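Work out the full structure, taking the sequences as your base and the hints as a guide.
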Amino acid sequence: MSMVITRSRSFSIVARWGVVALVGLLLLGLWLVIAQLRESNRPNEQETPAAPSQASYRSYMGSAASLEGLQQVERAAGTYAHAVTTASSKQEAVEAQLAWAGLLSRNPGSGNEAGGRAEKADELYQSALEEAEGDQQLRARNDYGVFLFRQGQTAKAAAVLGQIDHASWSGEDGPVRQARYLYNYGQVLEDLGRTQEAYSQYLEAMRLDPRFGLAREAATRLVTSPAPAAVLPASDQMRLVKEFLGQRRFTEADGLLRELAAHPDRLSGADSQRFADLFLSYLIDSRIEPTSFKQTWEKPTERLQAALPSPAAEQIREIRSAFLADLPVEIQSGAASGTFRAWRDAGQAKRFSELLKTIGDDYGERGNLHRSLERYSQAATLDPTNAEPALYLTNLLVEHSAELDPKGELLDRWLRALTEEREDRYALKDPEKLLYLHSLLGAHFEKGKRWGPEDDPQTALYQWRRALEAQSRIPAAEPELSKPRPLLNERLAFAYEGWGEKKMAAGEYRTAARGYEELKDDKKAVDLFARADILEKGALLQRPDPLQEEDQMAAIDEDTLPGGASPWPLIALGGLLCLLAAITIRIVRH
Amino acid sequence: MYPITINRRIFLSLALTMLGGLPAFADMAIEVSAGSRVPSMRVEYNNELNGLMDKLRYRLVQNLQGPPGVPPDWPELALWKFTLGDPGKAPRNDGAPQLQFLIFEPSYMKNQIKLRMTYRSAEIKRDWDTVWIESGRLMAYGYPRSAVVVDELFDVIHDQLLSKYQEELRQFFVKSAPLTAGGIWDNDPENFRLVLPLAWDRYSSLSQSRFRLACSWPEKTDKSSAAGKGQLSTANSSGEVELLSCGTGHRGSFSTGKQPPYQALSVEPRKWRRSKGEKLQPIDVIRDQVRKLLLLRTYLTEEEPSLCSSRDSSHMEVVQEVSQ
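Protein sequence lines correspond, in order, to chains A and B. So for the first sequence, our numbering puts the first residue at 18; every next one is plus one. So for the second sequence, our numbering puts the first residue at 396; every next one is plus one.
Accuracy of the hints is not assured; some may be wrong.
When the alpha-carbon atoms are kept at most 20 Å apart in a straight line, the in silico EDC-like pairs for lysine to aspartate or glutamate are as follows [stated by the list, open to error]:
id, chain 1, residue 1, chain 2, residue 2
1, A, 466, A, 416
2, B, 505, A, 379
3, B, 674, A, 234
4, A, 259, A, 302
5, A, 464, A, 518
6, A, 173, A, 147
7, B, 687, B, 663
8, B, 570, A, 271
9, A, 259, B, 563
10, A, 464, A, 420
11, B, 509, A, 302
12, B, 666, B, 698
13, B, 509, A, 382
14, B, 505, A, 416
15, B, 509, B, 554
16, B, 559, A, 269
17, B, 520, B, 562
18, A, 107, A, 139
19, A, 367, A, 438
20, B, 520, A, 302
21, B, 509, B, 522
22, B, 509, A, 379
23, A, 311, A, 343
24, A, 367, A, 440
25, B, 671, A, 269
26, A, 520, A, 553
27, A, 259, B, 562
28, B, 505, A, 420
29, B, 666, A, 234
30, A, 259, A, 371
31, B, 509, A, 371
32, B, 505, A, 422
No wet-lab data here; the hints were simulated from the structure. Note that this is a predicted model, so its numbers are computed, not measured.
Here you go:
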């Protein structure tokens, strides 16, 4: 009996809550409806009602454009005429005149009709040019030039377009509009046989608006015409390649480079050097892989190597070696690489080092660790200021020592090559990578239990100390990196402990513990403080391995999904269940 | 603490729908997925990892699409629609466009963790990699805390992948990711125009662009009646033909009867071909038959720059390419 009473009570509580949830939902809906009504009744402050003449003007302009879309040229022209007469400002009148003239310019008609339309368009443009100012003046001049060109008056069109001041284009869409103008001017110049000038206009148009397909098509057409040599020199073709590389249009750049490579006789003197530089940029930016290079560029570069003058021929040979040849592993302190002398002498050691590094990555990803090591070492030697290839070289040597360096000779040489002077150069440019390099080495020697002494580079103590030194050189401007990083101190403490320097270890554990405190990882902090105490008291306990502990990292904020952790869905679900229960009770009672 | 449950998935789906991923176009949207293949991450973040990846996907979709009322970071990419890929399934292999973000260890450098952005469609697969955790960093600092790891991953994707490769990505989208599905012919038979389900408010910037429309025959149409040179009946094996079209610069009313009509982009077919590699032919030859075609998918295109160029969105008169 009591159970039945309890159950019916709980049902009534559930029913009450269900009613509360239902009322809540109804109130919310009501509030939303009222808010919507208020919003729709509020006068729009942004849009004031248009004056009658303005409304007519806009209506005429809109209708005329629609009629033009339907190819009803005469009716559209008549409607633009109305727009001109109802315009409430000089600017609106010019706008209508330009639209009207443009309609006639694009739809010249035939027979007698053509003469009339051309005459009217000319008259409208002249009028617009007299009245227009600023951007409208530029547009009027451009449109008039295009009209004249369409009418076959090319010389006059060139004169009109040539009067436009290049510095006058302003506003956010200034570059886009200027690109159209330059393209138009280029078309006119090309028609007059001034090909090279036209080409320059197209290139500039492409630069101003990289999406402007007409300019891209026109420029490409000029450099790939059946006899490009007769039209444009190789240096002009290379300007287009450079533009394509800037736009990351590698397919187009590749096509033009191939065409240039097929005619090496056109690449003499400075052009050959320019080609080599451009080719290097293309290979770096488009990330050509060794297999792809072998398939598509091995033969063309072979021809280039034989045909180009020095030093470009040497540079091409070195590119081929970088991709395809076995290279010596160069690990010497201060040694200048002789393998890629041509690029070094051309002042492009940094860029070429970049290429070597990316090829090293590609070989590594394909499992050819030897070739990867060769390229990282060459890259590190060629550009001794860049810590990246040095870091990757170190990584290969410690991670794949069994395959690449079973006796540890290469690592030994590399550690001796990492002189103070060399490290200073890395630290100056990229202290973060120097810190990672030492961390890799610290972890490597830690794994081999080579703890100390701390003046021996082949020990964990030495490497962790150097890592901490590198960390202190990271500019404070990098907020995330300048936060406490207690793991480094913890690992140094661990190495001291392994080496038997308990006092030093305790000190480092305490430093690490304070870092964890700052990061709000109290559990870790307490553990390390305790560890330090134990060490100082001389108690013997099993040493904790900083990498093995489950909770060594900073505290985990477990609930980061927006809304996902909210209890409201559960509450709403509860409400609905209550409602259902209430309905069920009523049904049962009846 | 609330574990990652189905509630979160529901929340994310609802959030995306509110962002503008309309269910009607879901099949045309680019699926965005994010995942990790790094065992040590699973150990580090434990049960939280799936939730973190969900959160990352959600942020990426939001960033690519642009939150409502806020200018998107990548306006050119935001023209396409993006949706959350299903986290429980392997990447689709049906040719639907996908953008995948994968965290992985290079096989030859386990001390390093990379991020790979992959764009995949029926014809294209392209990867772009960047380093997330540099070789040696884990030893020095460990993983970022779970409270900040999504922010860090998002920043790397934003700054080193999307920012750097957005133009290449856009070019691939243009080639292979539809903007929308379907479309209707203008009611007025005098108007040789299609109205696309691309709302004018959002897509007016494309009102004078070029489009590639993939079309098919309605199933019961008798194709044999249109045999002969230049006729559509010789469409490619999949039965599709392509119409290259120009935005008319004007809006049309789009309605399928299932939803209220709205102002949308209208386009005019100018050229056609049976398959992608084929030469384009003027539409006039087959003008009468074209109206029978069903519009399947709409793509932007960079082909034939002079197709619709007499006056483009800059409102400047532009010369048609004449110097051939």
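- If you draw a straight line from the CA of residue 464(A) to the CA of residue 420(A), is it 20 Å or shorter? holds (18 Å)
- Message: Check whether the Cα positions of residue 509(B) and residue 522(B) lie no farther apart than 20 Å.
- Response: Holds, at about 12 Å.
- Compare the distance between the alpha carbons of residue 509(B) and residue 382(A) with 20 Å, and conclude whether the hinted pair is satisfied. holds (12 Å)
- Given the proposed pairing of residue 671(B) with residue 269(A), does the C-alpha separation stay at or below 20 Å? Satisfied, since the Cα-Cα distance of roughly 19 Å is no more than 20 Å.
- Query: Can the restraint linking residue 520(B) and residue 562(B) be considered satisfied, given a maximum Cα separation of 20 Å?
  - Reply: Since the Cα atoms of residue 520(B) and residue 562(B) sit roughly 16 Å apart, the hinted pair holds (cutoff 20 Å).
- Task: Starting from residue 559(B), check that the Cα of residue 269(A) is at most 20 Å away, please.
- Result: Status holds; Cα separation ~19 Å.
- Item | Agreement of residue 259(A) and residue 371(A) with the hint, judged by alpha carbon distance not exceeding 20 Å | Judged against 20 Å, a Cα distance of about 19 Å means the pair holds.
- Message: residue 666(B) and residue 698(B) were given as a pair; does the straight-line alpha-carbon distance stay at or below 20 Å?
- Response: Status holds; Cα separation ~11 Å.
- Item | Distance restraint between residue 520(B) and residue 302(A), which requires alpha-carbon spacing of 20 Å or less | holds (18 Å)
- Message: Check whether the Cα positions of residue 687(B) and residue 663(B) lie no farther apart than 20 Å.
- Response: Holds, because 15 Å separates the two Cα atoms, which is no more than 20 Å.
- Task: Would you check the hint for residue 107(A) and residue 139(A), treating anything up to 20 Å between C-alpha atoms as holding?
- Result: holds (19 Å)
- Message: Check the hint pairing residue 173(A) with residue 147(A) against an upper bound of 20 Å on the C-alpha distance.
- Response: The hint holds at about 18 Å.
Checked against the numbered hints above, the structure breaks none of them.
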